[in-house]
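Student: Chains as they are written, first to last, in numbering that gives the first Met the number 0: chain A, 0 to 415; chain B, 0 to 288; chain C, 0 to 269.
Since the hints were derived computationally from the structure, they do not count as laboratory data.
Only true hints are included.
Residues on chain C that point at chain A, a partial pick, calculated with CB under 7 Å: (1) Thr-31; (2) Tyr-35; (3) Tyr-119; (4) Leu-207; (5) Leu-223; (6) Glu-224.
Calculated lysine-lysine pairs in the DSSO-like style (CA-CA distance at most 30 Å, straight line): (7) C:Lys-159 x B:Lys-92; (8) C:Lys-5 x B:Lys-195; (9) A:Lys-106 x A:Lys-324; (10) C:Lys-155 x B:Lys-195; (11) B:Lys-189 x C:Lys-159; (12) B:Lys-189 x C:Lys-155; (13) B:Lys-4 x C:Lys-155; (14) B:Lys-201 x C:Lys-93.
Distance windows between CB atoms, simulated: (15) B:Tyr-185 x C:Asn-171: 34 to 44 Å; (16) C:Phe-253 x B:Arg-96: 11 to 21 Å; (17) A:Asn-123 x C:Ala-111: 37 to 47 Å; (18) B:Ala-273 x A:Glu-128: 41 to 51 Å; (19) B:Asn-93 x C:Ile-68: 29 to 39 Å; (20) A:Asn-123 x B:Gln-135: 44 to 54 Å; (21) C:Phe-253 x A:Gly-33: 43 to 53 Å.
Where a beta carbon is used, it is the ideal one built from N, C-alpha and C, also for glycine.
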Amino acid sequence: MNVKHMMLAVFILMTVVLGACSSESSGESDSADGSKTISFIHWRGEDKEVFDKLIEKFEKENEGIKVDMTIYPSEQYQSTAQTLIRDGEVGDVFTSFPGSQFEIMDKAGLMTDLSGEEFVSNFNESLLEAGQKDGKQWAVPYQLVFNQPVYNKGIFEELGIEIPESWEEFLAMNETLKENGYSPMAFPGADIGPGQLMNSMMMNNATDEDIFTQLENGETKLTDEWWVKTLSQFKELADKGYFQDDSLGTKHDGAIALMAQEKAAMLGSGSYAMASIKEQNPDMELGLLAPITVPADEAVYEGIHTTTFMLAVNKNSDTKDEAKKFIEFLSQPENASTYANETGQHLTVNDVNYESEVLKNTADWMDKDTRFQPRYLINSADIEKAVIASIQSVIGGTSPEDAAAEAQKVVDQFVE
Amino acid sequence: MKAGKSIYLFVVPGLILYLIFFIYPTISALFYSFTNWDGLSTEYDFVGVSNYVEIFTADAIFRKSLVNNIEFMLFVVIFQTLFSLVFALFLTKNSKRSVFLRALYFFPTILSSVSVAFIWSYMYDPNLGLINTVMQAINLDSLALNWIGNEDIAIYSISAVQVWFHTGQMLIIFVAGLQGIPKDLYEVAKMEGANKWQTFKKVTWPLVAPAATIVVAYTTIQSFKAFDLIFAMTRGGPNYSTEILATLIYNTAFRSYRFGYASAESVIFMIVIAIITIVQMRVLRSKAT
Amino acid sequence: MDRLGKRVLLIIYAAIIIIPMLTVFFSTFKTTSQMYENPIGLPESFNFSNYVQIFNETAMATYFKNSVIVTLVSVTFTLFFASLIAYAITRMNKWMGGLLFGLFTLGMMVPAQVNMIPLYSLIYRLDLTNTLSGLMIVNISVTLPVAVFILTGFMKTIPKELFEACTIDGANNWQVYRRIALPLSLPSLSATAIFLFVMHWNDLLYPLLFITKDEYKTLPLALLEFQGQYMTNFPMLFTGVMIASAPMIIAYVFLQRYFIAGMTAGSVKG
Chain A
0 MNVKHMMLAV FILMTVVLGA CSSESSGESD SADGSKTISF IHWRGEDKEV FDKLIEKFEK
60 ENEGIKVDMT IYPSEQYQST AQTLIRDGEV GDVFTSFPGS QFEIMDKAGL MTDLSGEEFV
120 SNFNESLLEA GQKDGKQWAV PYQLVFNQPV YNKGIFEELG IEIPESWEEF LAMNETLKEN
180 GYSPMAFPGA DIGPGQLMNS MMMNNATDED IFTQLENGET KLTDEWWVKT LSQFKELADK
240 GYFQDDSLGT KHDGAIALMA QEKAAMLGSG SYAMASIKEQ NPDMELGLLA PITVPADEAV
300 YEGIHTTTFM LAVNKNSDTK DEAKKFIEFL SQPENASTYA NETGQHLTVN DVNYESEVLK
360 NTADWMDKDT RFQPRYLINS ADIEKAVIAS IQSVIGGTSP EDAAAEAQKV VDQFVE
Chain B
0 MKAGKSIYLF VVPGLILYLI FFIYPTISAL FYSFTNWDGL STEYDFVGVS NYVEIFTADA
60 IFRKSLVNNI EFMLFVVIFQ TLFSLVFALF LTKNSKRSVF LRALYFFPTI LSSVSVAFIW
120 SYMYDPNLGL INTVMQAINL DSLALNWIGN EDIAIYSISA VQVWFHTGQM LIIFVAGLQG
180 IPKDLYEVAK MEGANKWQTF KKVTWPLVAP AATIVVAYTT IQSFKAFDLI FAMTRGGPNY
240 STEILATLIY NTAFRSYRFG YASAESVIFM IVIAIITIVQ MRVLRSKAT
Chain C
0 MDRLGKRVLL IIYAAIIIIP MLTVFFSTFK TTSQMYENPI GLPESFNFSN YVQIFNETAM
60 ATYFKNSVIV TLVSVTFTLF FASLIAYAIT RMNKWMGGLL FGLFTLGMMV PAQVNMIPLY
120 SLIYRLDLTN TLSGLMIVNI SVTLPVAVFI LTGFMKTIPK ELFEACTIDG ANNWQVYRRI
180 ALPLSLPSLS ATAIFLFVMH WNDLLYPLLF ITKDEYKTLP LALLEFQGQY MTNFPMLFTG
240 VMIASAPMII AYVFLQRYFI AGMTAGSVKG
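Next comes chain A alone, as it looks inside the complex:
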């Protein structure tokens, strides 16, 4: 075999390979029998089973429409899925986080206006704001979560602890827990902890909901009172040993395990962790509370909520009507109830019948004075990261003033 033969062989092989692909690919949404396929993409791997069930039901009710679900882990969802959505390749129905991801998707024009759709009225109107922009409803939030500490009711009852209503009481409660041999709070400082706990820690220190917009405009600084105070309160909790040892090295699953083993009395993440705790320790009774960082009479907010998992229809989709039908289906109280009870999530949909005990126990939070998660109102991911880093910095031993100044330097880079 000489060189020419070899080259020939290589090119034949390449042609075969390339040829094979063109026959493989048939990304059309219409198949021979006239049925249409919509692609539904999201990041909730833990919801796979219930969605499989709901999709089966949907396909039965709507003959001729098939739903092809692809689930990405949330990290990958944020990095790759958006590029795929842009090309209309996947995600006739897709989901978005509120805040910076929604902003980006809106700016890139990826979403169809849902304002006039009938199914919008199936949702609680006051919880739809996160998907609105310029007076239009681009996406409808589906889940409602409370981003504030979870506590072990059994331990609290045993020690006769009342839910604290001021910073004084909150510190006293932690002290009681510590004296009785518990780590007061399991704090997942290595991953989601700082970004979650910061919300309830700052909600009453900076009661203006526009605080982060002002930060991004340069009207306020992290070195101002509201954030330095929040940082010093974080530091106080860490220095007094109210977080478990080495909290910055603990990830969420480690913190959940501490909670499930009843080594810790509170978990510093959010309501979505309750299902995982129950899975490891089914007998535990759980509740939600939020640290109040001011005297009782100055407290404006009782807790934090986020409306998320926002459903949207792809602007570049060929099957918009079918996609809307699917969202309509998910917003029917019966189907929403199935989803809520099997995933242990509260929803933004009206008339949902919460059956599970955890959901019933915490349903009263839906009527409380909660504030939309401030962290999601930071539009710049760089600033969000700097804010979180300053929390890790004070827990690691830096003074609140220095940590705030360090983070403000990053903010300054982005303020015009």
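With chain A held as given, fit chains B and C onto it using these hints.
Tutor: Leaving out everything else, chains B and C in the frame of chain A:
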């Protein structure tokens, strides 16, 4: 004596693929480094070199990441090369034991980086993880550290995982180099009464140097690109202490959606690696001759 | 003394490898709380329910088949193309060879995060998304730099005289490549093959970008989905890790024989 013209044909198949599917996308990325493209929109503006200016003048995090990255690289290059060379010298022969140990040491490499990150996140958990549980069990509480939660040591803890992950891979390169050394050379050295160190210096090293050049250069590049491991274990935290350039670029591109700026960061990233690699190759080559 | 030290060192390092792996293996037979309460101990029983659950719930066979096809084809072609290039670089004049070598080495330094968006658009325009061939082509292109880099490094150590003697005998370039360059490069070829094997088998980025349909998914992609599904369930995750790694372990044990044969074949001549 030159090879004939037909030698150019040898390059063709690989080069075509490489140009289309690698160089072309890379050049488009370079192009975007002079724009303010967000990575999604259809429109963008030319901003000249302002992305580069911002990186050099205003970006404290970029500088911090670069320093972290160099620390990470030095730790990994030194220990990974040392371990793999020493073990390769021990395990050059194809005896049953060597073959078994080479396979065992290679084992972590087989796992995907996401799996490795999962394993070590669990190993390093300060309160429930294996390492600290063992340390406390044998009364070495002072060694039960906050492995990935302490800003001062987190980057080294992850470096150690990287070494654990890839030493076996480099070992194989060294073994391939060492097995290329003719046996008679060692016999000559023995007859001349050379001691172990002299034999290593005079016989082994000159012949193993090409392998060493490859290992060092590859390890350097690999440690600059150790994105998966760091991202899955600490995401650059706490307080940016494990942020390296690859994670920073990812964040800029896919969190902040400043694709143009991320491209500029990558260009600098490439230049930094290129300089380090060229210097290393020069040094190692001059040592070898 | 010398020998003892060597042995101790080898054993310690072996332990550092084995202990985490064993912990992981044992944990696949535990529940999450058992794992945290007793990380080192043996499981209460070797109950394969985690494994069964994974096989029942996912199309493992399909993912496995896809991974095997993609990996084998990618490794073979990368190795073939790269060895041709490496050979050409060593035989060209210094200037051209250096240029080519530089062009490929530079490719190793490009962070994948940067060209992935332009690369995706390209693959999308060529209608190669959701195909295994698209995956293979990209795999080959992005790993060529490493393979060229390693193989050139080794091929440069083959004495030039060997090539020249052969050329004088009237052999053309292809014959020299086949009769001299390839056989003498067997150790480095097998080392590179192992490298590529691992890289292609574990590659996640490109399947993640290009594959959305279940029937074309590879194992790492499936494993990822699985991680989302069992966020905080380490035993399940580790079971997935075990299943995804097992074929590699088996392949390595079997192929080890060939790798060693390759290595020794090369060294005899050296």
